[in-house]
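Our numbering applies: residue 1 is where the sequence shown begins, and numbers increase by one.
Read the hints as simulated data drawn from the structure, not as lab findings. Just so we're clear, the structure is a prediction, and the values are computed from it rather than from any experiment. Glycine included, C-beta positions come from ideal geometry on N, C-alpha and C. Hints should not be assumed to be uniformly reliable.
[Said to hold, decoys possible] In silico DSSO-like pairs for lysine-lysine, Cα to Cα no more than 30 angstroms straight-line:
(1) Lys-421 / Lys-317
(2) Lys-317 / Lys-400
(3) Lys-317 / Lys-401
(4) Lys-282 / Lys-414
[Stated by the list, open to error] Label pairs and their calculated CB-CB ranges:
(5) Trp-399 / Leu-330: 50 to 60 angstroms
(6) Glu-88 / Gln-60: 38 to 48 angstroms
(7) Lys-219 / Lys-282: 45 to 55 angstroms
(8) Ala-299 / Glu-102: 37 to 47 angstroms
(9) Asn-190 / Ala-137: 42 to 52 angstroms
(10) Leu-132 / Ala-352: 51 to 61 angstroms
(11) Glu-363 / Trp-399: 51 to 61 angstroms
(12) Glu-103 / Val-123: 13 to 23 angstroms
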Amino acid sequence: MEMREQSLEQQDQTLNAEQNEVQNVSEENAVVAESQVDQPQEEVANPMATKEELCEALSQLAEKDAADIGRDDVGRLKQQFYAIRKLEIEKEKAEFLEKGNEEAAFEAKGDEIEDKFKEILNVIKDKKASLLAQQEAERQANLEKKNSIIEEIKTLAADTDNVNRTYPRFKELQQEFKAVGEVPPTEVTNQWKQFQDAVESFYDQLKINKELRDYDFKKNLDTKQHLCEEAESLAAEADVIVAFKRLQELHDKWRETGPVAKDIREEIWTRFKDASAVVNKKYQAFFEERKAREQENEAAKTAICERIEALDFSALKSFVAWDEMTKTILEAQEDWKKLGFASKKMNNALFARFRETCDKFFEMKAVYFKSVKDGLASNLEKKIALCEKAEALKDSTDWKKTTDEFIALQKEWKTIGAVAKKHSDVVWKRFLAACDYFFEEKKKKTSGVRQTEQANLKLKKEIIAKLGEITEETPREEAVKQVKDLMAQWQQVGHVPYREKDKVYEAYRAKVDELYKRLDMRGSQARMANFEENVSSMSGDENKLYRERERLMRNYEQKRNELNTYENNMGFFNSKSKSGESMLRELERKIQRIKEELATLEQKIKVIDSHL
């Protein structure tokens, strides 16, 4: 195509159009810069993670390509790891100073996990450095390529005699310039200006005819209208981050696209700018919403810290109380895990505060359990010593003296506290076996009372027979009187032969239970009378009395622990609410019932003690 020379007026119009385009490109770059706020970082760190877990997470990051490793991801892991490490060193230092050492002499112990963590950090650092060096080399090469293209455009602009031949090459150079990648950031603005100056110089010097220029304007307009449509469609994108990233790509394409006709240039730019503003506002709202969530998480985490800090660990005096408090602490940790991150400024501080209270609790619990364990071990040693003494006495034939010694050992046994459950039955059976052996031998050797015991056996059988004669036809009041009289007679009868004792008592107990049930004589007094009768029947058999007392004491300790648990739980109920008031009343009833049971057990123990 032969090119026609433009008039002076047309040259001025073309120059003004190119200058306006350059100005609009600068405005577009400014809007893009304003829209590029910080991207949200992936929250890869777990606030409850251990050093090993953080090290493993960092190792997984190190396996990725350098371009895929987020700086904030590494920063979060590093910050949390050294927060935990700092607490460990502080604790180690405190222990060092508690031993009376000088602070200046303190030196933290080496940590293999920390060394491994640093090695992984160096791997990531080397990867990043290699990537940066590669990128910088590529940018420098791109700078040289673009400078070469600019110089060639300048050369074409100076050749005014070969318009038809140089114009296609000029368009190729424009595409090549756009296809070249990024250059060093310090050179972007200056190089872009040089490129625009060279392009404008080409158009001015070669005086491209209006038809060809209009063709370029139309093609650029089609491209920019398509970009506007894509930008407007992003308003419906549900993922705000995806929409924002796509918008940046559209802005890059907009800058790469040439100018349009002057009369619609402002209109098309305003359309694209307005569509961008919609996406940018949603993106900004997303960050504001995330900030609000972080503030809510901060408030919730602060509340959890205050909640566990208000707990009184010094008041825990039993295994049950410590177990209940452990549940409370574990529930608080579960509540913590359900919460997301607080603000970057407060998240680590809150975690350190929460962890400090949890560590304090578990340290105090360990101290308590150790002290109790030591006490149980001490009690076991004392009871084993009593077993050995009993075993040394069991073959003695000095019945009076040895009986007194066994009774003294049994009384001493009662003063010793509990032992570990796994040893309790074994050591008790060992002690009981020695006692039983002695008293059985004593009974065999002191059988001069057999005739009396046989007479007593006959009397007790007669009482059982008379109880059996009380039928349903007997009036209730008369029957009740007969039962009580016969029970009184039973109490007055002395011992029976040892071999017959359990058998005759079971027969008597069966008849009495049957009559109590039939005559509706059950009640607390009746039960106590029944118990007293039972104890009376065992008098003379001190081993059996001691076994019964041991059983009652275990039951008593169990009930007392249960009472302590209920009384501790009283403080957790809110009596202002209906449900809290109802549960409080129910708890009070349970406490009262347990107290009554404890009083009954105390009374029974006193009854046994009166027969020892």
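The hints, checked one at a time:
1. A threshold of 30 angstroms between alpha carbons decides the hint, and for Lys-421 with Lys-317 the separation of about 18 angstroms falls inside it, so the pair holds.
2. Proximity of Lys-317 to Lys-400 is assessed by CA-CA distance (about 43 angstroms); at most 30 angstroms being required, the pair is judged violated.
3. Distance restraint check for Lys-317 and Lys-401: the Cα-Cα separation of roughly 42 angstroms exceeds the 30 angstroms cut-off, and the hinted pair is therefore not satisfied.
4. Annotation: proposed proximity of Lys-282 to Lys-414 is violated, straight-line Cα distance about 77 angstroms (limit 30 angstroms).
5. Range check, Trp-399 to Leu-330: about 59 angstroms between beta-carbon atoms, so the 50 to 60 angstroms window is met.
6. A C-beta distance of roughly 23 angstroms is found between Glu-88 and Gln-60, which places it outside the suggested range of 38 to 48 angstroms.
7. Checked against the hint of 45 to 55 angstroms, the pair Lys-219 and Lys-282 fails, with Cβ atoms roughly 32 angstroms apart.
8. For Ala-299 and Glu-102, the hinted distance range of 37 to 47 angstroms is satisfied, since their beta carbons lie about 43 angstroms from each other.
9. Asn-190 and Ala-137 have their C-beta atoms about 20 angstroms apart, which leaves the hinted 42 to 52 angstroms range violated.
10. Remark: the range hint 51 to 61 angstroms for Leu-132 to Ala-352 is contradicted by a beta-carbon distance near 33 angstroms.
11. The given range of 51 to 61 angstroms is respected by Glu-363 and Trp-399, whose C-beta atoms sit roughly 55 angstroms from each other.
12. Between Glu-103 and Val-123 the beta carbon distance is about 36 angstroms. The supplied range of 13 to 23 angstroms is therefore violated.
In this structure, the earlier hints numbered 2, 3, 4, 6, 7, 9, 10, 12 are contradicted, and the remaining ones agree with it.
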